[in-house]
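Residue strings, one per chain:
Protein chains: 2
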Amino acid sequence: MSSALLEQLIEAFRVLPGVGQKSAQRMAYHVLERERAGGQRLSGALAEAIEKVGHCSRCRDFSETEVCATCASAARDAHLLCAVESPADRLAIEQATGYRGLYFVLQGRLSPLDGIGPRELGLDSLGARLAEGEIQELIIATNPTVEGEATAHYLAQLARQHGVRPSRLAHGVPLGGELEYVDRGTLSHAFGSRSEMGP
Amino acid sequence: MSSALLEQLIEAFRVLPGVGQKSAQRMAYHVLERERAGGQRLSGALAEAIEKVGHCSRCRDFSETEVCATCASAARDAHLLCAVESPADRLAIEQATGYRGLYFVLQGRLSPLDGIGPRELGLDSLGARLAEGEIQELIIATNPTVEGEATAHYLAQLARQHGVRPSRLAHGVPLGGELEYVDRGTLSHAFGSRSEMGP
Chain A
6 MSSALLEQLI EAFRVLPGVG QKSAQRMAYH VLERERAGGQ RLSGALAEAI
56 EKVGHCSRCR DFSETEVCAT CASAARDAHL LCAVESPADR LAIEQATGYR
106 GLYFVLQGRL SPLDGIGPRE LGLDSLGARL AEGEIQELII ATNPTVEGEA
156 TAHYLAQLAR QHGVRPSRLA HGVPLGGELE YVDRGTLSHA FGSRSEMGP
Chain B
6 MSSALLEQLI EAFRVLPGVG QKSAQRMAYH VLERERAGGQ RLSGALAEAI
56 EKVGHCSRCR DFSETEVCAT CASAARDAHL LCAVESPADR LAIEQATGYR
106 GLYFVLQGRL SPLDGIGPRE LGLDSLGARL AEGEIQELII ATNPTVEGEA
156 TAHYLAQLAR QHGVRPSRLA HGVPLGGELE YVDRGTLSHA FGSRSEMGP
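For the protein sequence lines, the chains are A and B, in the order given.
Each residue of the first sequence is one higher than the one before, starting from 6 at the first, in the numbering used here.
Each residue of the second sequence is one higher than the one before, starting from 6 at the first, in the numbering used here.
These are calculated hints, taken from the structure and not from any lab test.
Nothing here was measured: the structure is a model prediction, and the numbers come from that model.
Some clues are possibly wrong.
DSS-like cross-link-like pairs, simulated, lysine-lysine; straight-line CA separation at most 27 Å [said to hold, decoys possible]: (1) B:Lys57 / A:Lys27; (2) A:Lys57 / B:Lys27; (3) B:Lys27 / A:Lys27.
Covered by chain B, according to a simulated footprint, are these stretches of chain A (three or more residues, beta-carbon under 8 Å) [said to hold, decoys possible]: (4) 15-22; (5) 27-40; (6) 47-58.
For glycine and all other residues, C-beta sits at the position ideal for the given N, C-alpha and C.
Chain A extracted, bound-state conformation:
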């Protein structure tokens, strides 16, 4: 490498997920050859976001304001609360469904061995919020993994303690999927919880 700054830039790109040595090289060369203006914007956007984006005090999602736009919106249904593990999950639900309620972002899942308990997931503030009495249904959208399921059970208990109805996303065969390629656990679950077809 003939430039120390270039080497440093390639190394820096490797903090991004899924970016190895080769992709990092490509990114660095691409920016320097063809996208210096875009690179400058990226540098600025990174620095600004890292400095200013914190967490919403209501839902724990990323926000640069004390309360995020979704939580502050009067247009959202304040009777519905959807608990997700991460901001990316929240975004996926927001983009894919017509959901108009509020969210609660756990920023993780219960994992006692890693020292992640109810406090780390902000479940005390979630409990306080459920106790306010406005929320009627807690939609639990944690991932269908072992830890996600354990978290879901804990959240369902918490909801019932405060007289809130817990619900869970349906599990089953993905739309457009082929039975042949669906994993056994999913297929078995889908078979077991089959529902009667209407006329």
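Position chain B relative to chain A; hints supplied.
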């Protein structure tokens, strides 16, 4: 999206090659959730490289100094000059082969329809350099594409005009491929069995 800065960051990530909406989201979330320090380093490295990395006045490769380390090095064989299309190609050759000569980075290939002629590739300065008389062999390592081959023929003529022997990487490099993505073994073999170009 609940944060304008986050949205801006995701948009900014899309200038990187091979990064679409989904990867950009993943990168932004990853940096904000787990890699704020790394993100800050990346922001700084980008800004610094964009500001300070220019081109070596001898070989046109990226360099933050007037003459790059390779061109300034007394340990390199000044009788050999290898012409490549891009800094990435130069790096690929440097990493894959034991080549100890110098480089000339065209920063493109002849493409009259796009307005890229000899002047845009710095061939006037290459000609002047060949005229100095120190270089004995011009190793032409442009990509084996139509435009790369046309560039190679032009370079070979230029070399002969100045009494310099032109050579071309051996076949073994897949036709239609790009040097940057060829595996090291193939590239090393092709580099080793380069042959003199006929008239």
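Results of checking the hints against the structure:
no.: 1; hint: B:Lys57 / A:Lys27; result: 23 Å, holds
no.: 2; hint: A:Lys57 / B:Lys27; result: 23 Å, holds
no.: 3; hint: B:Lys27 / A:Lys27; result: 20 Å, holds
no.: 4; hint: 15-22; result: holds (count 6)
no.: 5; hint: 27-40; result: holds (count 11)
no.: 6; hint: 47-58; result: holds (count 11)
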